[in-house]
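Novice: Chains as they are written, first to last, in the working numbering: chain G, 1 to 111; chain H, 1 to 112.
One should not assume that every hint holds.
Listed next, with one range per pair, are the computed distances between beta-carbon atoms [as the list claims (entries may be wrong)]:
| id | chain 1 | residue 1 | chain 2 | residue 2 | range |
| --- | --- | --- | --- | --- | --- |
| 1 | H | Lys70 | G | Ala17 | 43 to 53 Å |
| 2 | H | Glu52 | G | Thr12 | 38 to 48 Å |
| 3 | H | Met19 | G | Arg106 | 37 to 47 Å |
| 4 | G | Lys56 | H | Asp96 | 15 to 25 Å |
| 5 | G | Pro40 | H | Thr20 | 20 to 30 Å |
| 6 | H | Gly3 | G | Gly95 | 17 to 27 Å |
| 7 | H | Ser67 | G | Thr20 | 38 to 48 Å |
| 8 | G | Gly1 | H | Ser67 | 46 to 56 Å |
| 9 | G | Phe18 | H | Glu52 | 44 to 54 Å |
Sample of chain G residues lacking proximity to chain H, with all beta carbon distances greater than 10 Å (derived) [what the hints assert, rightly or not]:
| id | residue |
| --- | --- |
| 10 | Met7 |
| 11 | Val11 |
| 12 | Leu13 |
| 13 | Ser14 |
| 14 | Thr26 |
| 15 | Glu42 |
| 16 | Gln45 |
| 17 | Ala53 |
| 18 | Asp55 |
| 19 | Phe62 |
| 20 | Thr65 |
| 21 | Thr94 |
To spell it out: a stretch of chain H is covered by chain G in this simulated footprint if at least three of its residues, at any positions, have a beta carbon under 8 Å from a beta carbon of chain G; those stretches are [as the list claims (entries may be wrong)]:
| id | region |
| --- | --- |
| 22 | 41 to 55 |
| 23 | 93 to 99 |
Simulated from the structure, these hints should not be mistaken for lab results. Yeah, the Cβ is synthetic: ideal placement off N, Cα and C, and Gly gets one too.
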Amino acid sequence: GNSVTQMEGPVTLSEEAFLTINCTYTATGYPSLFWYVQYPGEGLQLLLKATKADDKGSNKGFEATYRKETTSFHLEKGSVQVSDSAVYFCALGTGGFKTIFGAGTRLFVKA
Amino acid sequence: NAGVTQTPKFRVLKTGQSMTLLCAQDMNHEYMYWYRQDPGMGLRLIHYSVGEGTTAKGEVPDGYNVSRLKKQNFLLGLESAAPSQTSVYFCASSYDGVDTQYFGPGTRLTVL
Chain G
1 GNSVTQMEGP VTLSEEAFLT INCTYTATGY PSLFWYVQYP GEGLQLLLKA
51 TKADDKGSNK GFEATYRKET TSFHLEKGSV QVSDSAVYFC ALGTGGFKTI
101 FGAGTRLFVK A
Chain H
1 NAGVTQTPKF RVLKTGQSMT LLCAQDMNHE YMYWYRQDPG MGLRLIHYSV
51 GEGTTAKGEV PDGYNVSRLK KQNFLLGLES AAPSQTSVYF CASSYDGVDT
101 QYFGPGTRLT VL
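Could you build all of it, start to finish, from the sequences and the hints given here?
Specialist: So this is what it looks like as structure tokens:
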């Protein structure tokens, strides 16, 4: 079946450090891939997405590349800020009626 | 353009009481979803709808009912609340099943 696996948190980094949050997926067909972010006390919001292999999604300095050969969609940012502290969810849209969400990775950024 | 709104934001119930959570979206989306979010459990899908007048069960539907009488509204009902239903509830909508989901701000429900 379809599934998403992302690295467990929490991830704790100092400001200006490099961030990677790993995400791998299992899916039939050609899914769309998403990263959502949830700030404290809020709902999830789309951070970036990619709809086909080799596409790169980017937003607010975050990037992720859709790698079909490794079934991965890792989230990266070159220099994190305190304001990036949040929970990040990798997600998979397969053409069915639902999106499959990963368990979420909490990021803490220290000043 | 309000996006997705949820009412109420907070609620405390006693065991056995009933309540209805309201979700409204102004984006003319066909698909709407109800999730619950618990510590360490990520998001779990309760029920969803693929259009006005339709509903379907998600992963954890027991103890909940839903209705989609109007395209813009999706109601989640708890007929007899239990402490296990203490959670944060999120509503979301999307244009189709593979597109971006737009989430509401959540309802924090405590059942005593």
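Novice: Would you pick out the hints that fail for this structure and give their numbers low to high?
Specialist: The structure breaks hints 3, 8, 15, 16, 21; every other hint is satisfied.
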